[in-house]
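Peer 1: Letter by letter, the chains look like this.
2 protein chains.
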Amino acid sequence: MNTFCFAADIGGTTVKLGLFSSVGELIDKWEIPTDTKNEGIKILPDTAASIVKKMEDNKIDKSAVTGIGVGVPAPVTAEGVVNGSANLGWKYKHVAKELSELTGLKVKVGNDANVAALGEMWKGGGRGEKNMVMITLGTGVGGGIINEGRILTGEGGAGGEIGHLGVNREETKTCGCGKCGCLEQYASATGIARLAREYVEEHDDTVLAGKDAQSLTAKDVFDALKEGDEGAHNIAVRFGDYLGYGLSLMATLVDPAVIVIGGGVSKAGEIILDYIQPPFEKYAFFANKGTRFTLATLGNDAGIWGAAKLILDDGK
Amino acid sequence: MNTFCFAADIGGTTVKLGLFSSVGELIDKWEIPTDTKNEGIKILPDTAASIVKKMEDNKIDKSAVTGIGVGVPAPVTAEGVVNGSANLGWKYKHVAKELSELTGLKVKVGNDANVAALGEMWKGGGRGEKNMVMITLGTGVGGGIINEGRILTGEGGAGGEIGHLGVNREETKTCGCGKCGCLEQYASATGIARLAREYVEEHDDTVLAGKDAQSLTAKDVFDALKEGDEGAHNIAVRFGDYLGYGLSLMATLVDPAVIVIGGGVSKAGEIILDYIQPPFEKYAFFANKGTRFTLATLGNDAGIWGAAKLILDDGK
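The listed protein sequences derive, respectively, from chains A and B.
Counted from 1, the first sequence has number 191 at position 191 by our numbering; the numbering is strictly sequential.
Counted from 1, the second sequence has number 193 at position 193 by our numbering; the numbering is strictly sequential.
Note that these hints are calculated values from the structure, not bench results.
Treat the hints with caution; some may be incorrect.
With a straight-line cut-off of 27 Å between C-alpha atoms, the simulated DSS-like cross-links for lysine-lysine are [to be verified]:
(1) B:K37 - B:K123
(2) A:K59 - A:K42
(3) A:K91 - B:K289
(4) A:K37 - A:K97
(5) A:K289 - B:K91
(6) B:K97 - A:K130
(7) A:K62 - A:K16
(8) B:K59 - A:K130
(9) A:K53 - A:K97
(10) A:K97 - B:K97
(11) A:K130 - B:K91
Facing chain A, a subset of chain B residues (Cβ under 7 Å, in silico) [as the list claims (entries may be wrong)]:
(12) I27
(13) L152
(14) G154
(15) L165
(16) D255
These stretches of chain A come out as covered by chain B in the derived footprint (C-beta under 8 Å, 3 or more residues) [unchecked claim]:
(17) 101–111
(18) 174–181
We put the beta carbon where it would ideally sit given N, CA and C, even for glycine.
Chain A with its partners taken away, still in its complex shape (with noise of 0.2 Å):
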């Protein structure tokens, strides 16, 4: 019988690992630093090479080891496959059969928005359900679609990019993704840093409008909304009408129990939910009408936690 599994939440600055019981109890966790050189040829090693002396470490036998389960800034195919990924310098590289053949071990690999969202349908925000979508607002906007359990992946892996949605036709600046009018030109604390500064020039009702605009940042807004300025409500409601018109889209199509979110933005608390959720009720068919919203409750760890259900779920 398998006692463990193996968890890598592979960034772009450090892999994240975690040691876990197969029936989902956090063992350990640690970190290494991801080294990019090379079209980041060492990282998948070094990733083996750590898990491997954990093992030893802790004399784990590999006959105890259910696999690995991993999370990597790409799209990955159902099959484990990377066609490139940006944040880490690779091009293509099969994640699952060169970790695998490094530590003998069974690999499964996702994309890590689409990880950490079914690490919070496990342990966290979305805890309970089966039909969860998880939103991460940080530097840009990932997304995650969980369907019976399940990650919904997609052909080439690209499913669940919640935040290159389209919310605006008219829109004339470029998202990072080359298209105009991306949810994440909005929703990521980039999109509302822009969204400040756009406010301050026009207005002055507000404590940002005395700050560097270009040093504005999402947690000035919401520092400033929490002291209740006026031009902050304003820019945080044109937030959340681009986020709540950009859920309902998603939940048009896969009907979720539950919405989750997570990403830094999501620091500023339970406040951001109320410049989301009306804006969603507006917009929403009325089938999901009343769909329920949270916060992510397992920050950074969300990754491990559910590249450890990608593999203990492997099969099943």
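Fit chain B to the given chain A structure using the hints.
Peer 2: For chain B alone, coordinates are given in the frame of chain A:
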């Protein structure tokens, strides 16, 4: 070993029925009228009686039947429960349980548009794929999302409601669902007729302007288009822009290998793809550019093919 299964596609006028071999051959198909009187209380007993009679006529023993797959015009939960169907007169109905008790057979139920999508994946336009979307352009617009070979049902059975994607936040006319700006308002046969009426009110560069505006149909538009009519082209551009945009939103979330276009409007033929694909490419996230488009091939039989697949796949 089970060697047969039954399929029932329950519509507002008729119930289409099919007898299939377990390897996917259509052995027989027939129809019975749908009796929607008294909240549709007789629909399932009539369906059950027709199936039982077919078994008796063909000397098929219950032990040789995998079960019955069913499509119904309503959201259906994964357990086979309907919470109201306007077309059938049903309020709450546990379709799977009731039909199973009436026949002694296992029953698996899905939404009719979702089930038709499954049929097109199995034996129609999406053959050979496991990640696909079908959109049905009829009086309304229906849709089905197939992920890894299975219907995306969603929490309450309302997954894949592509027709109710909000594609125009400026719209002031109301969709049948109560919202404004649903894709159905521009891409259904009814929606295209409306675009045509609005067009001829303001333009005379079309043969359509010589007809009674109130009786214009989608077929009139596509017939004129095939004759090189300038106005019909402009109407089709508007239809295709909304539809291509809506499909780009869907692709951003579910990343299908192929998009299958079905329903009465698709009878206009390949020419409609010329109006849908370019705007799709314009609005699509880069990972979804190049998604394949094709027409549905099973026509009105898609429902029974998909219902058969639904029951044959159950438990796999």
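Peer 1: Which numbered hints are broken by the structure, listed smallest first?
Peer 2: 1, 8, 10, 12, 17
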